[in-house]
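Novice: Residues per chain are reported as follows:
Number of protein chains: 2
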Amino acid sequence: MSMQWNKPCAAAALFLSAMSATALAADFPSAAESDPARLGWMVGSPPPEERMIRFADGSYFQFPAMRWSVAHFRQLMPTVNVSRGLSAPGSLDKRLDEGIDDLTFTPTQSDTPMTWAQSLQENYTDGIVVLHQGDIVYERYFGVMKPEGQHGAMSVTKTFIGTLAAQLVAEGKLDPARSVASYVPELAASAFGSATLRQLMDMTTGIRFSEDYSDPNADVWAHAAAGNPLPKPEGYTGPRSYYEFLQTVQSEGEHGEAFHYRTANTDALGWVLARVTGRTVAELLSEKVWRHLGAEQDAYMSVDSTGTPFAGGGLNLGLRDLARFGEMVRQQGRYNGQQILAPEVVEDIRAGGSQEAFAKAGYAQLDGWSYRNMWWVTHNPQGAFMARGVHGQALYIDPTAEMVIARFASHPVSANAANDATTLPAFNAVARYLMEAEAPQ
Amino acid sequence: MSMQWNKPCAAAALFLSAMSATALAADFPSAAESDPARLGWMVGSPPPEERMIRFADGSYFQFPAMRWSVAHFRQLMPTVNVSRGLSAPGSLDKRLDEGIDDLTFTPTQSDTPMTWAQSLQENYTDGIVVLHQGDIVYERYFGVMKPEGQHGAMSVTKTFIGTLAAQLVAEGKLDPARSVASYVPELAASAFGSATLRQLMDMTTGIRFSEDYSDPNADVWAHAAAGNPLPKPEGYTGPRSYYEFLQTVQSEGEHGEAFHYRTANTDALGWVLARVTGRTVAELLSEKVWRHLGAEQDAYMSVDSTGTPFAGGGLNLGLRDLARFGEMVRQQGRYNGQQILAPEVVEDIRAGGSQEAFAKAGYAQLDGWSYRNMWWVTHNPQGAFMARGVHGQALYIDPTAEMVIARFASHPVSANAANDATTLPAFNAVARYLMEAEAPQ
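Those protein sequence lines, which keep their order, are chains A and B.
If you read the first sequence in full-length UniProt numbering, its first letter stands for residue 1, the second for the next number, and so on.
If you read the second sequence in full-length UniProt numbering, its first letter stands for residue 1, the second for the next number, and so on.
These are computed hints drawn from the structure, not numbers from a lab.
Predicted, not measured: the structure shown is a model, and the values here were computed from it.
Where hints are given, some of them may not hold.
[To be verified] If you want a taste of the chain B side facing chain A, the calculated C-beta under 7 Å gives, among others:
hint: 1; residue: S45
hint: 2; residue: S83
hint: 3; residue: P231
[As the list claims (entries may be wrong)] Which chain B residues stay away from chain A? Per the calculated CB distances, all over 12 Å, these:
hint: 4; residue: D27
hint: 5; residue: W41
hint: 6; residue: E49
hint: 7; residue: V80
hint: 8; residue: P147
hint: 9; residue: E171
hint: 10; residue: P216
hint: 11; residue: D298
[Said to hold, decoys possible] In silico DSBU-like cross-links for lysine-lysine, where the CA-CA straight-line distance does not exceed 35 Å:
hint: 12; chain 1: B; residue 1: K146; chain 2: B; residue 2: K94
hint: 13; chain 1: A; residue 1: K173; chain 2: A; residue 2: K94
hint: 14; chain 1: B; residue 1: K173; chain 2: B; residue 2: K360
hint: 15; chain 1: B; residue 1: K94; chain 2: A; residue 2: K232
hint: 16; chain 1: B; residue 1: K146; chain 2: A; residue 2: K232
hint: 17; chain 1: A; residue 1: K146; chain 2: B; residue 2: K173
hint: 18; chain 1: A; residue 1: K173; chain 2: B; residue 2: K146
hint: 19; chain 1: A; residue 1: K146; chain 2: B; residue 2: K360
hint: 20; chain 1: A; residue 1: K94; chain 2: A; residue 2: K232
hint: 21; chain 1: A; residue 1: K360; chain 2: B; residue 2: K94
Note that the Cβ used here is the ideal one computed from N, Cα and C, for glycine as well.
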């Protein structure tokens, strides 16, 4: 195995979201100092060598270059389209609320209040949209992110895949009680084979999937190497695609006992979806959701060298389209004049998964949460639930506040534990503000 | 240099359009036999090995796999988006004419009439749209090409770049009499340096650019290797980007004497555009044309490892969007309620270039034609002009017939000489048919 495969890369970094923060943002340049537009990555004909970002040299996902890369994945690697179809985008009305920037909240485990506007800098936000009752009340873009641009959703991808699976369950095309091997026989000998589809969808499988980055033999590197679309180095003998990798995954512990956030589960779920529908997850996402949502842009997914989309983290999409997806879910699957998802899919997500199984994963800042259909469910008084991706990607739905927040970010620390303290109270502060504005005077 | 670089690849194949056909279509399976949907390339989870298409193994552009690849370039290599913006697509009304399929014409140098419908099979057509007075009168898709799909435009890309350059001339931002070196000093020592911008735009430069595929030292391989986005093989010492390659091009003959169809000219023109505007040609195409055209899809361009779009042949776009572009040009630059190109740009294209210079290139089937702003001008009685790309890509504008034809194809022979005999008379037959339908009874 050459050096190249031991360097952090995007595919591998996507796994980090379950890890506690091992570095503090204070160790890094600020959002303003690391602004990718200000630094001028890839500007010039040609860009100067010190501002060049290449996929093959492995540095594209190192901070601060990563702040450019998250908005330009397609320029670095092969991708497939997620077509919106050809009709006109659905409208998203604006009812901007200038009061939001000055809202204050107190970050978790802090005594010092912070404004909403400050939190965007603190969290290295690339773009953020707040919907209230379906209208845009707040919208900002930073750095190289533009309204007509697409940004890596990272592990928010998983939520799309889990939602598609739940929809196929609602349609009677998938049985959550059946074993994974009964859908994909090639996985029979792997740890996934004996798990039920439900365990896969809720990540309670007992699989060995080490994410210890200090260990060159960690499974996370094998997964990244298998999915890397570049030609394999001379002498490489490992798996050469996501599907080949999944067949090598060994068991560890029992299925169904504890929540373990492991990206490989979503890739295995993606395989089930592809096998049952005869479509890639990118085609399925287009057919089931994107063509009906009134999306204003196509989305896209990165692929391995065999054309398999990276179900665990390869989706890229526009910020307002992410918000549209959230609004559709908030409205029980009905949006843009169509019932896109079955209402019971959303009910099942909102009810959440096992809080007991979730607690065993030990997320200090996510006390009482659960994980269902690849959504993170807060079980807070407002019944909020969210999608999360490394470096601060978020889709947050607060049904009581009738609020949806879509955020893209490029926080220097991959694990969301590094930004939750200034994210979750901030989102909740906006929710309360919007609820108060609605309350009878 | 490893074997890999000596295999034909897309970038290299783009150069072939000026060559005479060295193989006959009769040597290949028919359109129906080689239908990529029927052959099932890249279908399955995973696709079977004998139906797998990978970029790195170099076979993706060999017939018949190539018939799948031309509609899936982004899945094989890195690309950049050409944004349509976020507004609703412009309408394209349908007024289908069922009579077109049965039109007959006689292929060049043949005595046997052929129907229009037959010609589509003969030419391995992937998709074709005929506009008359701006309405769709004919539209067909074959194989894996879909209305919401994007197809490689191959050298039709050049026409977009040449048109952008002509537009910048009209805006006073480029002076066609100035030397290339005065815009891009890095090209001063190359053969391009002393050429005028006009010579570049009309491909009358005197440059050494061998396209002899039997010669492993031909320039065409060096160009392809430089632009290949994959990591360079161990020991590779050649140019590592399109821009680096262009600086190595040597002179051969005098500038301004003869038309020589050489892709490197367009890449050099792309460099001038990027330097003068501070934008990549992909960004420029979006800003100047795509955002105003009412395009129904984003387009995209392949890039080298430094993010430079392949100006000579890297554009991919939807078929109806190609037709929209043609209709805009037919209408003197005015379309979708906007004056998108200056009318004098279209006048300059229609007037054509030097027929004397063109004749020296010796195209047997293109007698009396000329080349201007990277358009092929027929100088026929109707004043038709066209964009051409290898394997049958075409945009044909007949101002007299008020007709635009956009065609994507995957003909087994790259050079258009192999399909012109059943293309040019067929297009003209439809033009005459549409003119007759308009004539007073």
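Novice: Does each hint hold? Answer for all of them.
Specialist: Now for the hints, and whether the structure bears them out:
1. S45: holds, 4 Å
2. S83: holds, 5 Å
3. P231: OK, holds: B/P231 within 7 Å of chain A, min 4 Å.
4. D27: holds, 29 Å
5. W41: With a cut-off of 12 Å, B/W41 comes too close to chain A, as the shortest Cβ separation is near 10 Å.
6. E49: Non-interface label fails for B/E49: nearest chain A Cβ at 9 Å, not farther than 12 Å.
7. V80: B/V80 not clear of chain A: closest Cβ-Cβ about 5 Å, inside 12 Å.
8. P147: violated, 7 Å
9. E171: holds, 19 Å
10. P216: holds, 21 Å
11. D298: At about 6 Å from chain A, B/D298 fails to clear the 12 Å cut-off, so the statement is violated.
12. B/K146 to B/K94: holds, 17 Å
13. A/K173 to A/K94: Violated. A/K173 to A/K94 sits at ~39 Å, over the 35 Å cutoff.
14. B/K173 to B/K360: holds, 31 Å
15. B/K94 to A/K232: The given pair, whose Cα atoms are some 49 Å apart, is violated under the 35 Å limit.
16. B/K146 to A/K232: holds, 33 Å
17. A/K146 to B/K173: holds, 27 Å
18. A/K173 to B/K146: Roughly 27 Å between the alpha carbons, so the hint for A/K173 and B/K146 holds.
19. A/K146 to B/K360: Since the Cα atoms of A/K146 and B/K360 sit roughly 48 Å apart, the hinted pair is violated (cutoff 35 Å).
20. A/K94 to A/K232: With Cα atoms ~48 Å apart, A/K94 and A/K232 exceed 35 Å; violated.
21. A/K360 to B/K94: violated, 61 Å
When the structure is compared with the earlier hints, violations turn up for hints 5, 6, 7, 8, 11, 13, 15, 19, 20, 21 and for no others.
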